[in-house]
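There are 2 protein chains.
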Amino acid sequence: MFESAELGHTIDDEAYEKEAEKLRTALLDAQYELLEDQSFPVIVLVNGIDGAGKGETVNLLNEWLDPRHVRSRAFGDLRESERLRPKMWRFWQELPPKGKIGVLFGSWYSEPIYGRAVEGMTAATLASELEHIRSVERMLVDEGAVLVKLWFHLSKKAQKNRLKELERDKLTSWRVSAVDWKNFARYDDFRAVSEHVLRETSTGSAPWLVIDGSNANYRALSVGRALLAAIRARLDSRKAEIAKSKRATKGGRKNGAGAPAAAVSMLRTVETAGILKNLPFEERLSKEKYATKVLKCQAKLGRLSRSPKMTKRAVIVVFEGMDAAGKGGAIRRITQAIDARQYSVIPIAAPTDEERAQPYLWRFWRHMPRLGRFAIFDRSWYGRVLVERVEGFATENAWSRAYHEINEFEEQLVEDGVVVVKFWLAVTKDEQLKRFKEREATRRKQFKITAEDWRNRKKWDDYILAASDMIDRTSTSYAPWTVLEANDKHLARVRAIETLNERLADTL
Amino acid sequence: MFESAELGHTIDDEAYEKEAEKLRTALLDAQYELLEDQSFPVIVLVNGIDGAGKGETVNLLNEWLDPRHVRSRAFGDLRESERLRPKMWRFWQELPPKGKIGVLFGSWYSEPIYGRAVEGMTAATLASELEHIRSVERMLVDEGAVLVKLWFHLSKKAQKNRLKELERDKLTSWRVSAVDWKNFARYDDFRAVSEHVLRETSTGSAPWLVIDGSNANYRALSVGRALLAAIRARLDSRKAEIAKSKRATKGGRKNGAGAPAAAVSMLRTVETAGILKNLPFEERLSKEKYATKVLKCQAKLGRLSRSPKMTKRAVIVVFEGMDAAGKGGAIRRITQAIDARQYSVIPIAAPTDEERAQPYLWRFWRHMPRLGRFAIFDRSWYGRVLVERVEGFATENAWSRAYHEINEFEEQLVEDGVVVVKFWLAVTKDEQLKRFKEREATRRKQFKITAEDWRNRKKWDDYILAASDMIDRTSTSYAPWTVLEANDKHLARVRAIETLNERLADTL
Chain U
544 MFESAELGHT IDDEAYEKEA EKLRTALLDA QYELLEDQSF PVIVLVNGID
594 GAGKGETVNL LNEWLDPRHV RSRAFGDLRE SERLRPKMWR FWQELPPKGK
644 IGVLFGSWYS EPIYGRAVEG MTAATLASEL EHIRSVERML VDEGAVLVKL
694 WFHLSKKAQK NRLKELERDK LTSWRVSAVD WKNFARYDDF RAVSEHVLRE
744 TSTGSAPWLV IDGSNANYRA LSVGRALLAA IRARLDSRKA EIAKSKRATK
794 GGRKNGAGAP AAAVSMLRTV ETAGILKNLP FEERLSKEKY ATKVLKCQAK
844 LGRLSRSPKM TKRAVIVVFE GMDAAGKGGA IRRITQAIDA RQYSVIPIAA
894 PTDEERAQPY LWRFWRHMPR LGRFAIFDRS WYGRVLVERV EGFATENAWS
944 RAYHEINEFE EQLVEDGVVV VKFWLAVTKD EQLKRFKERE ATRRKQFKIT
994 AEDWRNRKKW DDYILAASDM IDRTSTSYAP WTVLEANDKH LARVRAIETL
1044 NERLADTL
Chain G
544 MFESAELGHT IDDEAYEKEA EKLRTALLDA QYELLEDQSF PVIVLVNGID
594 GAGKGETVNL LNEWLDPRHV RSRAFGDLRE SERLRPKMWR FWQELPPKGK
644 IGVLFGSWYS EPIYGRAVEG MTAATLASEL EHIRSVERML VDEGAVLVKL
694 WFHLSKKAQK NRLKELERDK LTSWRVSAVD WKNFARYDDF RAVSEHVLRE
744 TSTGSAPWLV IDGSNANYRA LSVGRALLAA IRARLDSRKA EIAKSKRATK
794 GGRKNGAGAP AAAVSMLRTV ETAGILKNLP FEERLSKEKY ATKVLKCQAK
844 LGRLSRSPKM TKRAVIVVFE GMDAAGKGGA IRRITQAIDA RQYSVIPIAA
894 PTDEERAQPY LWRFWRHMPR LGRFAIFDRS WYGRVLVERV EGFATENAWS
944 RAYHEINEFE EQLVEDGVVV VKFWLAVTKD EQLKRFKERE ATRRKQFKIT
994 AEDWRNRKKW DDYILAASDM IDRTSTSYAP WTVLEANDKH LARVRAIETL
1044 NERLADTL
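Just so you know, the protein sequences line up as chains U and G, in that order. The letter at position 280 of the first sequence is residue 823 when you use my numbering, and the numbering goes up by one with no holes. The letter at position 389 of the second sequence is residue 932 when you use my numbering, and the numbering goes up by one with no holes.
Pulled out of the complex, with its shape left as it was, chain U reads as follows (with noise of 0.2 Å):
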């Protein structure tokens, strides 16, 4: 959930300075259509983690859009009139009417999360509340609004610092307060609730936007520009229904019918495909090395696989990665120690005739492992946002429900007793290319390379973002990917089995 906003993103001045004159624009403009059309409202919330720049990003938009338009109201302590009447009701007095723009700061989402982080809200009421909130995100949405949810993050080492920025500078310093810190001294149980509670809502026609808030330029035009997305969407979807409806005969606009796609386009200005990018692919491990380490974990994953505690768990490990990645090679190290009466490898080619009438989920579970068995698979579920996003073979709509799908499935597993544990190989474009030629030059190995791959290549990009956006919105606290630096196939399978080791002996 929060791999893409931990990457630290920076933005230089100028460069900032050239988006954001056309970004204030189009931003303008998308302003006063919305006001002329006056057919939706658009409402933002403002969350996140102190100190991530939530205050600043309110500011901003008030200086970017045309502020007699905007209506902005931060949330705190619950005034007389409001605690004395229903939670939601002071949410509802500070709605946008149709055509304007209200900016929640603080919204629906502050107090079901502090009161579960720190002040002991029960897991049950938390689920209750969440339920309230999509319940009445669903409906605002149903009656036509564009919401845009946006939540402020920064890694604890970036909020450390960041604190201490703001007290060292004498005219920033009393911005921070004892409260900060006792709140930073939370940091990893507020993070973890934040990360609950942004999965259960992030609903397909209302998802979450996690936002790097360590760089004041990255932050602003990333807010700008997903706001823009969002109110663009919706604009011209409407343009192209009320064309549409002049040309047939029979209209009957449904409320809500452009909400995929602008939560579908604001997901689509967040940058996520550094996640693969600068990972230290220069690294190496020896064969001697190698020779050692791998048996040594081996004999660690068989010793595991053997505990009788693993009666009561089922394993599935997933191998993602681009082709000639090293997942059948890292997969025969890992079967190498475990008996063979407690395992199957899950080849996922094509869908069969069969699988293909069913959800696309069907042939999965087909092989869900019993308990004490794992189930490894070569290729995953995970083909709905790889390559079915890339080559068209599922909609847009399909693909982007797919996270959500899929997150919701992994945490059923975990609850009835899976460990589920994802790997991502990644290897170098240079690298994929040595490799494809090195198996067309050997005999052995041909059968291996097929023209296929070499259309994949092609699409190179798409599949890194494609896999970028995965890696950032299905890393689960239950399920998270490992992303494996696999330019050295022997550091990528020794490092596979020490994750896998890992995970058990924390299960176990």
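Everything labelled a hint here was simulated from the structure, so no lab data went into it. Glycine included, C-beta positions come from ideal geometry on N, C-alpha and C. Do not take every clue at face value.
Covered stretches of chain U (in silico footprint by chain G; criterion: 3 or more residues with CB under 8 Å from a CB of chain G, positions within the stretch not fixed) [said to hold, decoys possible]:
1) 618 to 629
2) 704 to 714
3) 894 to 905
4) 922 to 929
Partial chain U-side listing against chain G, Cβ under 7 Å, derived [said to hold, decoys possible]:
5) Tyr-559
6) Leu-566
7) Trp-632
8) Pro-640
9) Lys-641
10) Ala-670
11) His-675
12) Ser-678
13) Phe-727
14) Asp-731
15) Arg-913
16) Asp-959
Derived DEER-like restraints, expressed as beta-carbon distance ranges [what the hints assert, rightly or not]:
17) U:Arg-718 <-> G:Gly-935: 54 to 62 Å
18) G:Asp-620 <-> U:Leu-1051: 23 to 31 Å
19) G:Tyr-575 <-> U:Asn-821: 44 to 52 Å
20) U:Leu-1051 <-> G:Asp-731: 55 to 63 Å
21) G:Gly-619 <-> U:Asn-821: 22 to 30 Å
22) U:Gly-935 <-> G:Ala-994: 54 to 62 Å
23) G:Ala-786 <-> U:Ser-653: 27 to 35 Å
24) U:Ala-783 <-> G:Tyr-575: 32 to 40 Å
25) G:Ser-653 <-> U:Lys-700: 43 to 51 Å
26) G:Ala-786 <-> U:Glu-897: 27 to 35 Å
With chain U fixed as given, assemble chain G onto it according to the hints.
Only chain G this time, still in chain U's reference frame:
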């Protein structure tokens, strides 16, 4: 939720035979069209109270449909292979492929309901299970499935009778075991948990259909009609899409786009109108008795409203009913008993421009009472599913989802300490006519009768249907409807105050 299913519907054999014949033909036609089209599966969930005809329904479907293309599976205790895998695994194995009908007897609802009602599952676990269920169902619908969720209901009395009846007959007595009687003893718990589960999982695209299980003929026809309506609506919306995409240049149908149509068509087959028929309209309260009674219950209301415990509560009283049903008079008898600083009466007419620029619940949130206060609504948010539905001011899509939105809204209020009391004042059509004429004849009452009242009267049956659906779908344990026979105004007034007193006494 269960109101319409406790009316004791019966259909005699002759009427049954006549309709069943037609229904079977239509169902078979639909089944073959589905098979031919092969673009979506139909998933029928069969759940409900023991003895309400679940098994008979599964048998019936296999008899009425071509059983070669129906896949039925009853889910009972877990088999070995199932016990060792994630909970949802066994259901995935039984999903019907596109073009086929799958009947899941017991389905994924049995375990959470039984777990919570009998085995001490916590509220938090239940909430999490329901969240998973909603996700899975949303995914199935998004993937194109038509989901028909049938709940077979019996009142406590009807279940008892049913068990005794089965026991009496030597041929069926084997079907009643000690477990059945043990479960019967838990009827109230089971009912409360079921209502909660049904409400939390009755979504716009996958609503529950509650069927009165007390009469076999009625039950069979209800199931047949619902299934036919759901399949037909989807087939027809597909045909329309195909025709449309042939006409237009661009196509691009989204999966599951026909889901609301199927759900709405299915819900339309339930007969709720009985709720407002056959009420004991002839009951009367003499003038003398009324004079004493009204004073007595007003005194009690006065005491309750001044109770120190009222400072932790707010009270919302909703009055709905046909024109001239006596809402104003009843409201005045209530306010007479309460301190004038403690209540406000909110008459709801057509929305203002400002209100129209907001989600429809917005204008009611404005009037939320503070703790310690009463807000009495003369008409209310139920306008959405009454006048807006009947007059076509709201789209079918909008008023269909409003039932769920209203239930959610009221649940939020109740959780935040508000007591919600709702009255439907029921008069007969003749009585309304009498009152209209009286109003026209009396100088000081003429302002109360307008051309609109006469226009509305012409749509009497539509209003009764809308009101019956409303009572059926929005009567919840936390905010039930009370139907008051109001042909005798005195009786209705006294009963309204008495009901309010009871609700207050229960809560304070």
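Status of each hint after checking the structure:
1. Taking a C-beta to C-beta cut-off of 8 Å, the region 618 to 629 of chain U contributes 4 residues in contact with chain G, enough for the three needed, and the coverage statement holds.
2. By the rule of at least three residues with a Cβ nearer than 8 Å to a Cβ of chain G, the coverage given for the region 704 to 714 of chain U is violated, with 0 such residues.
3. Requiring three or more residues with a Cβ within less than 8 Å of a Cβ of chain G, the coverage given for the region 894 to 905 of chain U holds, as 7 such residues are present.
4. For the region 922 to 929 of chain U, the assignment as covered by chain G is violated, since 0 residues bring a beta-carbon within under 8 Å of that chain's beta-carbons and 3 are needed.
5. Look at Tyr-559 (chain U): its Cβ only gets to about 36 Å from chain G, farther than 7 Å, so that hint breaks.
6. Interface restraint check: Leu-566 (chain U) against chain G, minimum CB-CB distance 28 Å, threshold 7 Å, status violated.
7. At its closest, the beta carbon of Trp-632 (chain U) sits 5 Å from a beta carbon of chain G; the interface hint therefore holds under the 7 Å criterion.
8. Because the smallest distance between the Cβ of Pro-640 (chain U) and any Cβ of chain G comes to about 4 Å, under 7 Å, the interface hint for this residue holds.
9. The beta carbon of Lys-641 (chain U) comes within 4 Å of a beta carbon in chain G, closer than 7 Å, and the hint placing it at the interface holds.
10. For Ala-670 (chain U), the interface hint holds, the least distance from its beta-carbon to any beta-carbon of chain G being 4 Å, beneath 7 Å.
11. About 6 Å separates the beta-carbon of His-675 (chain U) from the nearest beta-carbon of chain G, less than 7 Å, and the hint is met.
12. Because the closest C-beta pair between Ser-678 (chain U) and chain G is about 4 Å apart, less than 7 Å, the hint holds.
13. Of the supplied interface hints, the one on Phe-727 (chain U) is violated, with its beta-carbon coming no nearer than about 29 Å to a beta-carbon of chain G, more than 7 Å.
14. For Asp-731 (chain U), the shortest C-beta to C-beta distance to chain G is roughly 22 Å, which exceeds 7 Å, and the interface hint is violated.
15. Of the supplied interface hints, the one on Arg-913 (chain U) holds, with its beta-carbon coming within about 4 Å of a beta-carbon of chain G, less than 7 Å.
16. With a least beta-carbon distance of about 4 Å to chain G, the hint placing Asp-959 (chain U) at the interface is held under the 7 Å criterion.
17. At about 55 Å, the beta-carbon gap between Arg-718 (chain U) and Gly-935 (chain G) stays in the expected band of 54 to 62 Å.
18. For the pair Asp-620 (chain G) and Leu-1051 (chain U), the supplied restraint of 23 to 31 Å holds, since their beta-carbon distance comes to about 28 Å.
19. With their beta carbons about 59 Å apart, Tyr-575 (chain G) and Asn-821 (chain U) fall outside the hinted range of 44 to 52 Å.
20. Between Leu-1051 (chain U) and Asp-731 (chain G) the beta carbon distance is about 43 Å. The supplied range of 55 to 63 Å is therefore violated.
21. Remark: the range hint 22 to 30 Å for Gly-619 (chain G) to Asn-821 (chain U) is contradicted by a beta-carbon distance near 55 Å.
22. About 58 Å separates the C-beta atoms of Gly-935 (chain U) and Ala-994 (chain G), a value consistent with the hinted range of 54 to 62 Å.
23. About 50 Å separates the C-beta atoms of Ala-786 (chain G) and Ser-653 (chain U), a value inconsistent with the hinted range of 27 to 35 Å.
24. The beta-carbon spacing between Ala-783 (chain U) and Tyr-575 (chain G), approximately 37 Å, falls within the hinted interval of 32 to 40 Å.
25. At about 49 Å, the CB distance of Ser-653 (chain G) to Lys-700 (chain U) agrees with the hint of 43 to 51 Å.
26. For the pair Ala-786 (chain G) and Glu-897 (chain U), the beta carbons lie near 30 Å from each other, so the given range of 27 to 35 Å is met.
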